[in-house]
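Given the sequences, and given the hints that come with them, work out the whole structure.
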Amino acid sequence: MIIKTNTTEIQDIHFFSKLEFFKEFYGILWLLVPILTLVLGITIGVLVIVWLEREISAGIQQRIGPEYAGPLGILQAITDGTKLLLKENLFPSRGDTRLFSIGPSIAVISILLSYSIIPFCYDLVLADLNIGVFLWIAISSISPIGLLMSGYGSNNKYSFLGGLRAAAQSISYEIPLTLCVLSISLLSNSSSTVDIVEAQAKYGFWGWNLWRQPIGFILFIISSLAECERLPFDLPEAEEELVAGYQTEYSGIKFGLFYVASYLNLLVSSLFVTVLYLGGWNISIPYILVYELFEINQVGEVFVTTMGIFITLAKTYLFLFISIITRWTLPRLRMDQLLNLGWKFLLPISLGNLLLTTSFQLLSL
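Under our numbering, residues 1 to 365 are what the sequence shown spells out, in order.
Calculated directly from the structure, the hints in this document are not laboratory data. Each residue gets a CB set at the ideal place from its N, CA and C atoms; glycine is no exception. Each hint should be verified, as a subset may be incorrect.
[Stated by the list, open to error] In silico lysine-lysine, DSS-like type, Cα no more than 30 Å apart, as pairs: (1) K202 to K87; (2) K157 to K344; (3) K157 to K83.
[As the list claims (entries may be wrong)] The following label-pair restraints were derived from C-beta to C-beta distances: (4) I78 to I175: 34 to 44 Å; (5) Q361 to G59: 19 to 29 Å; (6) A314 to I109: 39 to 49 Å; (7) P331 to V302: 45 to 55 Å; (8) L86 to A58: 39 to 49 Å; (9) K157 to G207: 46 to 56 Å; (10) L36 to Q361: 15 to 25 Å; (11) V302 to A58: 30 to 40 Å; (12) L86 to I35: 20 to 30 Å.
Okay, here's the thing in structure tokens:
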């Protein structure tokens with residue numbers, strides 16, 4: 001009788017231990033689902049940007065863009081990525097292989113981490129932190145370190161000069177960008193990305209920070225384009241001067257990582273323009289919701305979330321369109337012009353904008 005009781009207790013213990021294991025497993029699985037969904041969405045977003053840039057640039061230059069890889073050439077970016085994956089990874093004979101290999105990874109990972117604090121809807125954000133926007137500033141400042149490591153590890157004068165240019169450009173435009181973000185944080189009384197969007201929604205369309213901070217909006221766009229190293233600020237990759245800058249010695253998947261990092265950075269900057277200045281997921285235009293007429297709450301939640309994602313992406317791709325047009329219409333600046341623009345023009349104006357914002361907030365108390 002005692003033996004049977006002990007056997008039953010042992011079986012119960014094994015059963016509960018397996019149950020706890022499955023609970024932990026499903027908990028980890030559900031933790032990975034939003035992360036994998038975000039990564040999938042980012043990948044699709046980058047592919048769309050590449051296709052748009054090819055088509056818009058073809059239209060501006062009055063030529064035919066990609067048309068053979070899928071309908072309207074929508075698979076061209078996938079074929080280019082597959083080609084880079086299948087190419088051989090070459091290493092410079094006298095370079096530092098560790099820095100050479102780590103550099104592209106640091107550039108990509110630091111940008112990917114920024115997506116965790118971007119709200120696509122009220123309850124659709126991976127990490128709603130109190131220091132959200134300043135965490136983005138801190139994370140984005142890591143990327144130039146990877147570029148500098150890549151340039152130094154290549155043991156190539158053109159690569160090293162490209163890395164130095166990337167670091168100098170990042171330092172020059174990071175400060176005005178931070179001051180613009182600080183002005184928005186003062187206006188919203190919060191540094192959380194969700195709170196900033198909600199603060200703009202209180203006053204509708206005219207409550208967007210685009211109208212409350214017009215100077216900061218222009219400064220933020222210029223600084224964002226410089227941080228993304230887009231024309232007319234692509235000095236680190238100037239083909240006529242530095243071959244390909246810090247990318248000169250790279251091939252295969254490592255070269256592809258730099259290519260992806262540039263578009264990831266452009267997409268995250270566009271999303272932050274939407275969140276900080278264009279009201280985020282709020283359309284600020286009254287409309288009748290069909291599900292409210294029939295009081296269907298579950299459908300309403302799905303509809304609101306879907307509309308929030310759609311509105312956020314629509315505003316984001318509007319800024320992307322402007323950045324693509326800018327790339328193919330403006331000439332490249334010289335290095336001295338780029339640094340003068342950052343230190344002698346954008347920095348004083350951003351400081352003045354911050355002073356005006358602070359004074360306005362103190363007077364409104």
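How the hints compare with the structure:
1. K202 to K87: violated, 53 Å
2. K157 to K344: Roughly 29 Å between the alpha carbons, so the hint for K157 and K344 holds.
3. K157 to K83: Holds. K157 to K83 sits at ~28 Å (cutoff 30 Å).
4. I78 to I175: 34 to 44 Å: Between I78 and I175, where Cβ atoms are some 38 Å apart, the hint holds.
5. Q361 to G59: 19 to 29 Å: violated, 45 Å
6. A314 to I109: 39 to 49 Å: violated, 28 Å
7. P331 to V302: 45 to 55 Å: holds, 47 Å
8. L86 to A58: 39 to 49 Å: Because 26 Å falls outside the window, the suggested range is violated.
9. K157 to G207: 46 to 56 Å: Distance hint for K157, G207 holds at roughly 52 Å.
10. L36 to Q361: 15 to 25 Å: violated, 41 Å
11. V302 to A58: 30 to 40 Å: holds, 38 Å
12. L86 to I35: 20 to 30 Å: holds, 28 Å
Hints 1, 5, 6, 8 and 10 from the list above are not met by this structure, while the remaining hints are.
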